[in-house]
Amino acid sequence: MIRRRPRAGGLTLIELLLVMTVVALLAAMTLPSLGLARERARVARVHTELHGIEVALEVYSHDHEGRYPPVRVDCNADMREHWCPLPVELAQGNYLPKGPGGGLAAAMIDEFNRGATYKYAAPGPCFLNGSRSDNYEIWVPNDFPHCETTEGDYWGDPQRAPVRWAVWSLGPQPKSAKSQSPYSPLSGQTWYRRGRDTGVLVRFADRSGTSYKSP
Numbered sequence: 001m002i003r004r005r006p007r008a009g010g011l012t013l014i015e016l017l018l019v020m021t022v023v024a025l026l027a028a029m030t031l032p033s034l035g036l037a038r039e040r041a042r043v044a045r046v047h048t049e050l051h052g053i054e055v056a057l058e059v060y061s062h063d064h065e066g067r068y069p070p071v072r073v074d075c076n077a078d079m080r081e082h083w084c085p086l087p088v089e090l091a092q093g094n095y096l097p098k099g100p101g102g103g104l105a106a107a108m109i110d111e112f113n114r115g116a117t118y119k120y121a122a123p124g125p126c127f128l129n130g131s132r133s134d135n136y137e138i139w140v141p142n143d144f145p146h147c148e149t150t151e152g153d154y155w156g157d158p159q160r161a162p163v164r165w166a167v168w169s170l171g172p173q174p175k176s177a178k179s180q181s182p183y184s185p186l187s188g189q190t191w192y193r194r195g196r197d198t199g200v201l202v203r204f205a206d207r208s209g210t211s212y213k214s215p
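Mapping to the working numbering: the sequence shown position 41 is 41, numbers consecutive.
Rather than coming from a laboratory, the hints here were simulated on the basis of the structure. By construction, the Cβ of each residue, glycine as well, lies at the ideal position given by its N, Cα and C atoms. Heads up, some of the hints might be wrong.
With a Cα cut of at most 16 Å, we get these calculated EDC-like pairs of lysine to aspartate or glutamate [to be verified]: (1) Lys213 with Glu148; (2) Lys98 with Glu49; (3) Lys178 with Glu148; (4) Lys178 with Asp197; (5) Lys175 with Asp197; (6) Lys213 with Glu54; (7) Lys213 with Glu49; (8) Lys175 with Glu49.
Beta-carbon label-pair distances, calculated as ranges [unchecked claim]: (9) Arg194 with Arg67: 32 to 38 Å; (10) Asp143 with Thr48: 35 to 41 Å; (11) Ala41 with Thr12: 29 to 35 Å; (12) His47 with Asp143: 36 to 42 Å; (13) Tyr154 with His62: 25 to 31 Å; (14) Asp206 with Met20: 55 to 61 Å; (15) His51 with Asn94: 17 to 23 Å; (16) Phe127 with Val55: 21 to 27 Å; (17) Asp134 with His47: 54 to 60 Å; (18) Ile109 with Met20: 19 to 25 Å; (19) Leu17 with Ile109: 42 to 48 Å; (20) Tyr154 with Arg114: 15 to 21 Å.
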């Protein structure tokens, strides 16, 4: 009579491979959902911070007879990534927390573009490479504030422009064509709209002071 030795406890190689396969499949199904949830949380944070910048801009305007801070554009190599940064004036006047300086005058870093602040633009005064320049012109669609048409024009006179100001994040993919479009941030075609999308997240105000935001 042949006696069989009882199998030692533990998994066989085949069983172990099967378990590893199941775990890998579950991870493949779960990780995209976790990534999307994290992206949504970051989008929510951006909208909250843009609203905080709106409050700072309006308080500044109230304190300065209805004027808004100038826009700054710098073409120097060391400042190229800091085009249209948040205004120095907001940090100097304690309307926003102060940053280390340079293109980071305000400590409000773009959640999706670390190393740079959120962007700011408004029709009116502009400094180019540190010197006073012609008025900054911002592209505004003809159906503003709905912002769905691709037809529009550039406005530089703050008294006539349909928009007061715009603040925005470059979105989950800052270097994407939508985020870098010359028609952003007010063209709805350049807006981030859903998970895994590209484009900007923006908040802006019309001439009457009513504010709007992208999805």
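For each hint, the structure was consulted:
no.: 1; hint: Lys213 with Glu148; in the structure: 13 Å, holds
no.: 2; hint: Lys98 with Glu49; in the structure: 15 Å, holds
no.: 3; hint: Lys178 with Glu148; in the structure: 14 Å, holds
no.: 4; hint: Lys178 with Asp197; in the structure: 10 Å, holds
no.: 5; hint: Lys175 with Asp197; in the structure: 13 Å, holds
no.: 6; hint: Lys213 with Glu54; in the structure: 11 Å, holds
no.: 7; hint: Lys213 with Glu49; in the structure: 12 Å, holds
no.: 8; hint: Lys175 with Glu49; in the structure: 21 Å, violated
no.: 9; hint: Arg194 with Arg67: 32 to 38 Å; in the structure: 37 Å, holds
no.: 10; hint: Asp143 with Thr48: 35 to 41 Å; in the structure: 27 Å, violated
no.: 11; hint: Ala41 with Thr12: 29 to 35 Å; in the structure: 42 Å, violated
no.: 12; hint: His47 with Asp143: 36 to 42 Å; in the structure: 22 Å, violated
no.: 13; hint: Tyr154 with His62: 25 to 31 Å; in the structure: 27 Å, holds
no.: 14; hint: Asp206 with Met20: 55 to 61 Å; in the structure: 57 Å, holds
no.: 15; hint: His51 with Asn94: 17 to 23 Å; in the structure: 18 Å, holds
no.: 16; hint: Phe127 with Val55: 21 to 27 Å; in the structure: 24 Å, holds
no.: 17; hint: Asp134 with His47: 54 to 60 Å; in the structure: 32 Å, violated
no.: 18; hint: Ile109 with Met20: 19 to 25 Å; in the structure: 40 Å, violated
no.: 19; hint: Leu17 with Ile109: 42 to 48 Å; in the structure: 46 Å, holds
no.: 20; hint: Tyr154 with Arg114: 15 to 21 Å; in the structure: 30 Å, violated
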